[in-house]
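Participant: Start from the sequences and build out the full structure, keeping to the hints where you can.
Protein chains: 2
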Amino acid sequence: MKKLFPLVTADIALFTLKEDKLRALIIRRENQPAQGEWALPGGILQPEADTSLDDTARRVLRSKTGVDTLYLEQVMTASSPDRDPRGWSLSVLYYALLPSDLVPAVAGISVEAISWFDPEATDPQLAFDHGMLLQRALTTLRKKVRDGALPLHLLPEQFTLTDVQHAYEAVLGSRIDKGAFRRKIKDEPSLLAIDGELLRGPQRPAQIYRTADDFKF
Amino acid sequence: MKKLFPLVTADIALFTLKEDKLRALIIRRENQPAQGEWALPGGILQPEADTSLDDTARRVLRSKTGVDTLYLEQVMTASSPDRDPRGWSLSVLYYALLPSDLVPAVAGISVEAISWFDPEATDPQLAFDHGMLLQRALTTLRKKVRDGALPLHLLPEQFTLTDVQHAYEAVLGSRIDKGAFRRKIKDEPSLLAIDGELLRGPQRPAQIYRTADDFKF
DNA sequence: TCAATAGTGTCTCTTAGACAATATTGA
DNA sequence: TCAATATTGTCTAAGAGACACTATTGA
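Residue numbers (the working numbering), protein chains in the order written: chain A, 1 to 217; chain B, 1 to 217.
Hints are supplied without guarantee of correctness; some may be wrong.
Unchecked claim - One-sided and incomplete, this derived list gives chain A residues near chain B with beta-carbon spacing under 7 Å:
(1) Phe5
(2) Gln46
(3) Pro47
(4) Ser52
(5) Thr77
(6) Ser80
(7) Phe181
To be verified - DEER-style ranges, computed between Cβ atoms:
(8) A:Gly66 x B:Arg182: 54 to 64 Å
(9) B:Lys144 x A:Lys216: 45 to 55 Å
(10) A:Gln46 x B:Met132: 48 to 58 Å
(11) B:Ala180 x A:Pro189: 46 to 56 Å
(12) A:Met132 x B:Ile176: 29 to 39 Å
(13) B:Gln158 x A:Ile185: 44 to 54 Å
(14) B:Lys184 x A:Gln207: 33 to 43 Å
These are computed hints drawn from the structure, not numbers from a lab.
All C-beta atoms, glycine included, are put in the ideal place defined by N, C-alpha and C.
Facilitator: Shown next as structure tokens:
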């Protein structure tokens with residue numbers, strides 16, 4: 001008998017920085033289908049509980065990472081009778097940005113096996129069409145940053161301009177000249193210097209910044 | 001009783017050029033809900049017939065316009081319990097580009113009342129959240145063109161460089177200098193001059209072009 | 001000839017990239 | 001002092017906008 005309704009899910013590519021490199025959260029599936037394989041975190045829409053698919057995505061992330069109020073953005077919707085063995089399915093893909101100082105918290109809370117995956121790597125293969133989905137999420141994120149947005153959601157509350165540059169480079173996967181980068185962000189109103197706060201070390205101290213309250217990625 | 005499954009639909013913002021101005025197809029709804037109101041063309045997913053939501057969109061466009069093989073791209077997915085009075089609904093929004101010489105064919109085939117709507121206008125109000133959806137589709141199209149893509153899908157098979165510029169300006173809603181525009185497209189491999197073909201009139205004749213076979217919008 | 005549009009050239013200003021120079025700390 | 005990183009400055013080349021100029025047709 002044919003299905004009358006598709007299976008509706010939200011899948012999330014959760015990006016963060018580990019040692020200045022871009023990584024995405026993957027989870028080993030505990031149940032069928034694709035049991036034992038690695039996949040993006042995701043979950044099924046619950047119309048009684050969710051007031052939108054964004055809600056579904058936030059609920060899934062909260063349960064898998066214990067973290068709220070992440071930056072979340074829709075990437076695309078994948079749909080076909082074949083992408084999930086359970087039948088006609090439709091998945092709305094999101095990407096989320098996790099501040100790098102919360103990575104240990106996420107790694108700690110999960111009862112499932114997790115891993116931080118290099119999105120440019122080819123191993124391990126992800127289940128379903130999640131490999132393609134991750135590529136699409138990365139492309140969307142990169143386009144946004146290349147259009148001038150600063151990925152401040154990947155940084156902790158306080159950071160230096162060098163941190164911003166490293167986040168920028170990690171997302172784009174390419175280096176940028178220091179002088180050119182600082183010129184670009186010189187008049188950026190999203191960056192607020194914290195007066196008197198300096199990061200000290202065995203070199204010239206660096207000015208510490210924070211994200212402006214009205215920052216919009 | 002609560003619904004267990006959402007209503008899944010595909011809605012389409014079909015853009016074309018009418019007298020060098022950008023217009024979107026809207027249709028007067030013949031049935032409930034929102035009977036008598038104007039809305040974007042759309043239709044319900046049929047899992048037995050459609051192999052993806054792109055398929056749904058193509059099927060809807062074919063039935064409402066009689067035209068195949070349009071350029072079609074996904075914009076976003078809207079979802080909530082409130083956006084459709086029938087209950088929890090999810091709509092995948094597409095935009096499509098219709099060559100301007102096919103506009104009369106579309107206007108002819110429809111059994112419903114249709115109109116070509118100025119997407120910058122505020123009247124008439126569209127049903128459901130379709131006003132917002134149309135804005136999102138326009139924004140996505142403009143971003144693509146601003147990123148350098150030429151909206152050749154809006155033009156007939158043969159066209160002049162001035163036609164290309166007018167299509168470009170109609171999409172962006174702003175003027176561009178002729179010299180700057182021609183410099184930009186000077187080395188564009190998607191544009192092929194048709195040797196010896198000239199558009200004549202009471203002025204200097206214009207070279208006629210066509211779209212390269214491997215053109216990718 | 002004139003009107004009208006096609007097509008090209010020139011000037012300036014902004015910006016990105018490459019790269020160099022200076023500044024300030026802890027050890 | 002030295003190593004290390006922060007911060008600023010300079011040179012150049014490419015590109016965009018403004019604007020003017022030339023070219024070619026029908027009437």
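Participant: All the hints need checking, so say for each whether the structure fits it.
Facilitator: Tested hints:
no., hint, verdict
1, Phe5, "holds, 4 Å"
2, Gln46, "violated, 9 Å"
3, Pro47, "holds, 4 Å"
4, Ser52, "holds, 5 Å"
5, Thr77, "holds, 5 Å"
6, Ser80, "holds, 5 Å"
7, Phe181, "violated, 21 Å"
8, A:Gly66 x B:Arg182: 54 to 64 Å, "holds, 56 Å"
9, B:Lys144 x A:Lys216: 45 to 55 Å, "violated, 21 Å"
10, A:Gln46 x B:Met132: 48 to 58 Å, "violated, 25 Å"
11, B:Ala180 x A:Pro189: 46 to 56 Å, "violated, 29 Å"
12, A:Met132 x B:Ile176: 29 to 39 Å, "holds, 36 Å"
13, B:Gln158 x A:Ile185: 44 to 54 Å, "holds, 46 Å"
14, B:Lys184 x A:Gln207: 33 to 43 Å, "holds, 40 Å"
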